[in-house]
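Chemist: What follows is each chain in one-letter form.
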Amino acid sequence: MEVERVSGLKFHKKQDVAIVGAGMTTFKRRLNETGKELSFLAIKQALEEADMDLSDIEMVVMGSAPDAFDGLHMKGEYLLDGSGGSDRPYMRVFVGGGTGVFAPIAGYWHVASGLADVCLVVCEEKMSSCMPHPQSAFKYIWDPILDRPLAPNLIWIFALEMNRYMHVHNIKHEDIALVSVKNKANALDHPCAQLAEKITVEDVLNSEPMALPVRRLDVSPPSDGAAALIMVAPHIARQVTDNPVWVTGVGWALDTTMWTNRDLYFPRYVAEAAKMAYRMAHITDPRKEIDVAEPYDPFDYKELHHMEGLGLAKKGEAPILTREGVTARDGDLPCSPSGGLLGVGNPIAATMGVKAGELYWQLAYRAGKRQVAKEVTTGVCQAWGDLMQVGTVMVMSNKR
Amino acid sequence: MSVGKKDISCPPEAPGTPLKDSDIAEKKVTYVEDHPDIRYAWTAGQAISRFLNELKKGKLIATKCNKCRRILFPPRMFCELCYKPIDDWVYVKDTGTVQTFSISYIDPDAKPLEKPVIVAVIAVDGASKNMAFMHVLGEVEPEKVYIGMKVKAVWKPEEEREGSVTDIKYWKPIEG
Amino acid sequence: MFNEKIIDPAELRHWGGKIELYWIYTSGEAGDRFFKALKDEDKFIAAKCKKCGKVFFPPRMYCEFDFSETEYVEVSGEGCVRAFTVAKLDKNEKPLEKPEIYAIIDIDGTDGCMIHLLREVEPEEVQIGMKVKPVLKDKAEREGKITDILYFKPS
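Protein chains in written order, with my numbering: chain A, 1 to 400; chain B, 1 to 176; chain C, 1 to 155.
Quick caveat, the hints were computed from the structure, so don't treat them as lab data. Bear in mind the structure is a predicted one, so any value in this text is a computation, not a measurement.
Taking lysine-lysine and the BS3-like style, the derived pairs with C-alpha atoms no more than 30 Å apart in a straight line are:
| no. | chain 1 | residue 1 | chain 2 | residue 2 |
| --- | --- | --- | --- | --- |
| 1 | B | K111 | B | K169 |
| 2 | B | K28 | C | K43 |
| 3 | A | K44 | C | K54 |
| 4 | B | K28 | C | K50 |
| 5 | B | K28 | C | K39 |
| 6 | C | K5 | B | K64 |
| 7 | B | K129 | C | K5 |
| 8 | C | K153 | C | K91 |
| 9 | B | K169 | C | K5 |
| 10 | B | K20 | C | K36 |
| 11 | C | K18 | B | K169 |
| 12 | A | K10 | B | K84 |
| 13 | B | K20 | C | K39 |
| 14 | B | K57 | C | K5 |
| 15 | C | K48 | B | K27 |
| 16 | C | K145 | B | K27 |
Sample of chain C residues with no beta-carbon within 10 Å of chain A, all distances over it, derived:
| no. | residue |
| --- | --- |
| 17 | D40 |
| 18 | Y72 |
| 19 | K91 |
| 20 | L96 |
| 21 | D111 |
| 22 | V126 |
| 23 | Y151 |
| 24 | K153 |
Listed next, with one range per pair, are the computed distances between beta-carbon atoms:
| no. | chain 1 | residue 1 | chain 2 | residue 2 | range |
| --- | --- | --- | --- | --- | --- |
| 25 | A | P234 | B | N66 | 47 to 55 Å |
| 26 | C | E141 | B | W42 | 38 to 46 Å |
| 27 | B | E175 | A | N170 | 25 to 33 Å |
| 28 | B | W42 | A | M74 | 18 to 26 Å |
| 29 | B | V154 | A | E197 | 40 to 48 Å |
| 30 | C | D138 | B | K115 | 48 to 56 Å |
Where is the CB? At the ideal position from N, CA and C, for every residue including glycine.
The following block holds chain A by itself, in its conformation from the complex (with noise of 0.2 Å):
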């Protein structure tokens, strides 16, 4: 049984926002700072992009993944004075992996409401600080009754759904492997990667098996890390910079916590959320008018099930385009140009910075070395959580 969730949904908004400023930690598996050093270092990046003050903020949005990792209960009342919090109103939101791109989402409603005309974006996570390992947090979030029991580690899920993936369109692992050789290749010239490195697709089928199909190189690490966006009116946009770069639609969407009650093979809430922004940003063929796309890789087989649940590509699709290289630095649809999670890192919440960051710096030409070779107007950044639950979609370009 289908439900058309965007029907209904009506799209008024008072003012365009973009996003005049970006900044972000590097990402390591263990950083010395406190969460709040760390967001207040990515914010200092950003503001100093945008050559604004903290006074100039009106609004702040905080985004942060589970308390656990950093033992604190209540962690975004606790980030708030690292955050720019004091003095003005705040807010921390939380969908999982997700918020790396709802936390902007957040700050879009900000600003197109009209309650604000300069809001703060801030994602930070401090992962290293649960023991024995961050993955332990992951225990937590199976149902204690019927999935506990049985001992699960959370790679379990993602094992699950890549061999249903795999066997519906009959793909091969090498060419799913690709895409792990592509990020880390990519975060070489990103100067906050954590695990850029050059492999070949044999490295990642010999490397240690950790729930087959999975094996390690499959998967990104665990990080600390923070990154911080400034999204602004069009009035301020107009005297910060000759280029901001537009949000032009954004789209939400969750599915049920009954994850065995899904075919696993096609993620839906990407595509209702996909739906939502696209229809917002009047888009109708993702395929062709997407010049750039950052969907969320967790895990290499991930950002072909989401370019699919995106529209970029026809499901079963998504490993061809890589194998002919379309999605490469240099191809017609560069996906993950930034390195995405697997070369630069996942500190959960703070990926903002490899998804929404990376897009705002592509779409300004700001990227540097990882700036693509073709000419980007348009471009969508996605991000993925719980258990196989959220969608989160952006779409960003830098005309109006």
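Starting from the structure of chain A, add chains B and C where the hints point.
Modeler: What follows is chains B and C alone, placed relative to chain A:
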């Protein structure tokens, strides 16, 4: 408000101070270690309480929604698509089909396992399409498992059952 | 009308569990400075904002109000009591042998306060505004944590 037009070709990253595990072990930086004692008692609720009690008896139970005609497994007290309470309890069989599977070499804390665990999503016979749940497979070699394989539950003996999903030891392939 | 529900409480199940995680919290840039100075040199460090002049204690790397950098300054660590409370139960609500006094102490030369224990004084003698000074652990036992200050006592 201070504004200006700035053109940076590629913003450098904001710094951070990376640490190694040995830096913590050798106390090169100050830190606090906290081992809290966090305990929970989660209520199973109506549907899962009945589900667990039926497991103890060696049976699998599901619930039915008369509006969309789906038989929901694992059972729940309301149909999440029709958003109304369910209408009846229905027993389902303890056989099913493998929808997807994985061979896991790691335990919940990401430490290696001696013997791999085969985990599968099994669609149970008698419930609606895609009404599956997660469990483990046994009495089968990892290489022989395939999607679409028919399996049957192997139960613990009655005196060992406690009303938990582990009352089913594992699912094994049905011959033929 | 469907009402085949469990009404006998003995039939309702619950599932017990623990969250078995533990955490290592690094003190961070500013925190590391503070604790190392306290541990190795018996010094108290605060941070002064280069723009607005506010002095933060414990020190921070940034001023939370205008996000400019701070410079580290030394303070004596002495202060006066701004507020206090007398605790008669421990954190598990069992009675303490001897009541503990917790106080918010305004540290001299800073715009900040800290919370710590007051000892070597009877609860009845504590007054708001009373001058206090810190008592540190023996150097050999210090660990780089807030407990390196054992307590504050009247000066």
